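Asker: Turn these sequences into a full structure, and let the hints steer you where they fit.
Here is what each chain is made of, one letter per residue.
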Amino acid sequence: MANHLHHHLKQPDWQISIIDERKEHYYQPGYLFLPFDIYAPEDIIKTVEEFIPKEVKLIKQKINRILPSANKIQLDGGEELSYDILIIATGAKIAPEEIEGMKGAEWQKSVFDFYTFEGALALRNKLREWEGGKLVVHITEMPIKCPVAPLEFTFLADSFFKHKHMRDKVDITYVTPLSGAFTKPKANEALDHLLEEKNINVESDFAIEHVDNEKKAIVDYGGKRIPFDLLVTVPTNKGDDLIERSGMGDELNYVPANKATLQSKEYENIFVIGDASNIPASKAGSVAHFEAEILTDNILLYIKGQPLKEEFDGHANCFIETGNGKALLIDFNYTHEPVEGSFPFPGIGPLRLLKESRMNHMGKLAFRWIYWNVLLKGTHIPFVSATMSESGKHYDKVESVAN
Amino acid sequence: MLINLFKSSLKKQNMERTINGKSITVNEEGYLKDFSQWDDKVGEALAAESGIALTPRHWEVLKYLQNEQKNQVALSIRRVGKSGVVDIKEFYQLFPIAPLKTATKIAGIPKPASCI
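As they're listed, the protein sequences go chains A and B. One point on numbering: in the numbering used here, the residue at position 388 of the first sequence is 714, and numbering is uninterrupted. One point on numbering: in the numbering used here, the residue at position 94 of the second sequence is 302, and numbering is uninterrupted.
A couple of the hints might just be wrong.
Stated by the list, open to error - The calculated EDC-like cross-link candidates involving lysine to aspartate or glutamate, where the alpha carbons are at most 20 Å apart (straight line), are:
{"no.": "1", "chain 1": "B", "residue 1": "K297", "chain 2": "A", "residue 2": "D538"}
{"no.": "2", "chain 1": "A", "residue 1": "K564", "chain 2": "A", "residue 2": "E426"}
{"no.": "3", "chain 1": "B", "residue 1": "K290", "chain 2": "A", "residue 2": "D531"}
{"no.": "4", "chain 1": "A", "residue 1": "K386", "chain 2": "A", "residue 2": "D346"}
{"no.": "5", "chain 1": "A", "residue 1": "K652", "chain 2": "A", "residue 2": "D363"}
{"no.": "6", "chain 1": "A", "residue 1": "K510", "chain 2": "B", "residue 2": "E237"}
{"no.": "7", "chain 1": "B", "residue 1": "K278", "chain 2": "A", "residue 2": "E577"}
{"no.": "8", "chain 1": "B", "residue 1": "K241", "chain 2": "A", "residue 2": "E663"}
{"no.": "9", "chain 1": "B", "residue 1": "K290", "chain 2": "A", "residue 2": "E424"}
{"no.": "10", "chain 1": "B", "residue 1": "K290", "chain 2": "A", "residue 2": "E570"}
{"no.": "11", "chain 1": "A", "residue 1": "K429", "chain 2": "A", "residue 2": "E347"}
{"no.": "12", "chain 1": "A", "residue 1": "K524", "chain 2": "A", "residue 2": "E426"}
{"no.": "13", "chain 1": "B", "residue 1": "K290", "chain 2": "A", "residue 2": "D346"}
In short, the hints are calculated from the structure, not lab data. Model, not experiment: these values are computed from the prediction.
Answerer: In structure tokens:
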């Protein structure tokens, strides 16, 4: 956002500041590849400064509280900064402590997450020496960041163990609180065969109650037990504690915002981008990118006192790794589920939607370069629009779906 | 080829149903397509199909779920458990098999879903 806005909001009238307590910026999609030694730590970490325009002030401090009624930010040391406009981009993070026993005696011994850098690295070390057994890949509850990541992890694990010539020693089970690995009819029809081909068991409608560290099993509220030798779980995702400290969030610390304008529902000079908000869009990085384009326009309109554009349509665009050097691509929004077709050029592609291909896999790997060199610098990706295009896609008819 | 053609003609996305003389449209999994077609009688009939006789406690939970859907809140079992309306243990007692999937169907709202 700073890279977008600094072209429009110039000194001395405007000063843009970023407050970030971290020294480094992590390429979070890389966490998926780290456990399998596909990416190394240095591929996914860069210093924050590299991406900040000269005119923008970077304040590397922790925030104690946002004081939205006073238009102020209180830093950890007690110092207060005032603002005219605030953009909240504090994201979502895992909260394993929400489930009894998850962060217990087996945490990072046989129970791992891969949604943090530390978790993904610890899992890499475990996978390097693991000799096989029951691998359980598990989602605690929705919503989560990048909802397809656990499925991708499962596909990559199948591929990883095949390459290590030990697939026959590993039993893979995918456990979800939802009705299945695929919950949308089109995706289910097009992709269900992948699970069978890869010999992946699916346990659906599993609402975890606790992790039994002693007997190494996850147990659901209905009493069902699933034993594991290695559990890779996606814990409950929540907004940042800062949002709770500031009294600005819902039960999961997400900030209520208008889903079409991204303006806070409570404070008109606060806008929310990415996973920090409660809007019913997917918590995917591409969503934040598309939001940024519309949010830039809306902040400029807000400054001029003009009505905001109600344009954000929940557009998301994700590559999904399916293992063995192949990937899928999906494109969807608030009202349209992912379907087959071509992208970004209707009828031409070169990328195919909802179909496995090597080209899609190359796209996913190339995306890391695009992220560091194009997206963070606020440059628009050619031919990919912030709102979704319907051409070149195989819709039966337009129908409304929830969430 | 012929078999495929036959299969695709069988593959119905939506289905018209009649409950107590009222016509409703459901998707391939039996979930209502349009909440405006829902009423208490439809709820009772859908519950009976899942082997559940609705009590006042069931209704409180169903109304809560409908309200959450109206506010576009993503539903999860743990969120229901934190709602103060019902705890997870009772939720399982009320709707014993896959409670959220069953309760959303009876409430006439979409089942919780992911992006694919």
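Asker: For every hint, state whether the structure bears it out.
Answerer: Hint-by-hint comparison with the structure:
no. : hint            : in the structure
1   : B/K297 x A/D538 : 18 Å, holds
2   : A/K564 x A/E426 : 16 Å, holds
3   : B/K290 x A/D531 : 19 Å, holds
4   : A/K386 x A/D346 : 5 Å, holds
5   : A/K652 x A/D363 : 17 Å, holds
6   : A/K510 x B/E237 : 11 Å, holds
7   : B/K278 x A/E577 : 17 Å, holds
8   : B/K241 x A/E663 : 15 Å, holds
9   : B/K290 x A/E424 : 12 Å, holds
10  : B/K290 x A/E570 : 16 Å, holds
11  : A/K429 x A/E347 : 25 Å, violated
12  : A/K524 x A/E426 : 32 Å, violated
13  : B/K290 x A/D346 : 31 Å, violated
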